[in-house]
Amino acid sequence: AQKVTQAQTEISVVEKEDVTLDCVYETRDTTYYLFWYKQPPSGELVFLIRRNSFDEQNEISGRYSWNFQKSTSSFNFTITASQVVDSAVYFCALSEANTGANSKLTFGKGITLSVRP
Amino acid sequence: NAGVTQTPKFRVLKTGQSMTLLCAQDMNHEYMYWYRQDPGMGLRLIHYSVGEGTTAKGEVPDGYNVSRLKKQNFLLGLESAAPSQTSVYFCASSLLGRYTEAFFGQGTRLTVV
Numbered sequence: 251a252q253k254v255t256q257a258q259t260e261i262s263v264v265e266k267e268d269v270t271l272d273c274v275y276e277t278r279d280t281t282y283y284l285f286w287y288k289q290p291p292s293g294e295l296v297f298l299i300r301r302n303s304f305d306e307q308n309e310i311s312g313r314y315s316w317n318f319q320k321s322t323s324s325f326n327f328t329i330t331a332s333q334v335v336d337s338a339v340y341f342c343a344l345s346e347a348n349t350g351a352n353s354k355l356t357f358g359k360g361i362t363l364s365v366r367p
Numbered sequence: 344n345a346g347v348t349q350t351p352k353f354r355v356l357k358t359g360q361s362m363t364l365l366c367a368q369d370m371n372h373e374y375m376y377w378y379r380q381d382p383g384m385g386l387r388l389i390h391y392s393v394g395e396g397t398t399a400k401g402e403v404p405d406g407y408n409v410s411r412l413k414k415q416n417f418l419l420g421l422e423s424a425a426p427s428q429t430s431v432y433f434c435a436s437s438l439l440g441r442y443t444e445a446f447f448g449q450g451t452r453l454t455v456v
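Sequences listed follow chains P and Z, in order.
The first sequence begins at 251 in my numbering and counts up one residue at a time.
The second sequence begins at 344 in my numbering and counts up one residue at a time.
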């Protein structure tokens with residue numbers, strides 16, 4: 251069975267600090283997909299990134315970067331020079347490819363990030 | 344482009360009452376999902392659908408039923424609401440299921456008293 255663990259529950263940083271959100275996953279499949287979503291205080295869930303299991307290249311998008319390491323089953327998310335607007339709950343999610351009709355997305359419990367001015 | 348729309352946004356029910364939550368998407372997505380979000384629990388899958396006329400159970404299906412009579416709509420029903428069903432409910436849809444990202448509705452905050 252697939253599982254996503256976000257061991258950090260709450261993180262508080264001061265604006266402009268860098269912060270890394272950890273995500274560890276478990277799956278029996280060799281083909282799978284990993285996602286990060288952001289849930290700001292307004293409540294909606296916003297897609298940030300998708301990564302498939304064959305692509306271990308790190309991804310950078312502005313102040314956001316993602317480090318995917320299959321050897322440690324981790325898909326960590328770093329925010330550089332954090333801003334107050336980054337305050338949100340961040341979810342890591344896993345979707346296995348070889349599950350036939352069982353096409354579900356399994357979420358971690360989320361990390362609440364607070365960025366103080 | 345509305346994306347995924349949930350109706351209603353808020354609702355208070357008395358124990359034993361029934362209600363239906365409506366999810367509509369205008370992106371022609373095949374896959375649709377219902378999740379519930381509870382403090383410290385993340386999002387847990389209730390039911391999902393891989394296409395019109397199909398439904399399947401997720402992680403926490405008990406006490407809920409769903410229907411997907413039209414491709415664009417996915418209904419979540421509570422036949423006899425219980426306080427344990429107090430939660431925020433999210434509907435989502437995706438184009439190709441596990442391969443693509445899911446788009447979420449704004450959520451429905453349901454309180455059962």
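Because the hints were derived from the structure by calculation, they are not lab data.
Do not rely on the hints blindly, as some may be mistaken.
Stated by the list, open to error - Result set (DMTMM-like, lysine to aspartate or glutamate): computed pairs, CA atoms no more than 25 Å apart in a straight line: (1) P:Lys288 with Z:Glu373; (2) P:Lys359 with Z:Asp405; (3) P:Lys253 with Z:Asp369; (4) P:Lys253 with Z:Glu444; (5) P:Lys320 with P:Glu265; (6) P:Lys288 with Z:Asp381; (7) P:Lys320 with P:Asp279; (8) P:Lys320 with P:Glu294; (9) P:Lys359 with P:Glu260; (10) P:Lys253 with Z:Glu422.
Original post:
Is Lys320 (chain P) within 25 Å of Asp279 (chain P), Cα to Cα?
Top reply: 12 Å, holds
Original post:
Taking 25 Å as the top limit, are the C-alpha atoms of Lys288 (chain P) and Asp381 (chain Z) close enough?
Top reply: Measuring from Cα to Cα gives roughly 16 Å; hence the hint holds.
Subject >> Pair hint Lys253 (chain P) and Glu444 (chain Z), alpha-carbon separation not exceeding 25 Å >> reply: 18 Å, holds
Subject >> Hinted pair Lys359 (chain P) and Asp405 (chain Z), Cα distance within 25 Å >> reply: 21 Å, holds
Original post:
For the pair supplied as a hint, Lys320 (chain P) and Glu294 (chain P), is the alpha-carbon distance within the 25 Å limit?
Top reply: 30 Å, violated
Original post:
Holds or violated: Lys359 (chain P) with Glu260 (chain P), Cα cutoff 25 Å?
Top reply: 11 Å, holds
Original post:
Does the structure keep Lys253 (chain P) and Asp369 (chain Z) at a Cα separation of 25 Å or less?
Top reply: 31 Å, violated
Subject >> Given hint Glu373 (chain Z) paired with Lys288 (chain P) - CA-CA distance at most 25 Å >> reply: 23 Å, holds
Subject >> Pair hint Lys253 (chain P) and Glu422 (chain Z), alpha-carbon separation not exceeding 25 Å >> reply: 30 Å, violated
**OP:** Quickly compare the C-alpha distance for Lys320 (chain P) and Glu265 (chain P) to 25 Å and report which way the hint goes.
**Re:** 31 Å, violated
This entry does not satisfy hints 3, 5, 8, 10, going by the numbered hints stated previously.
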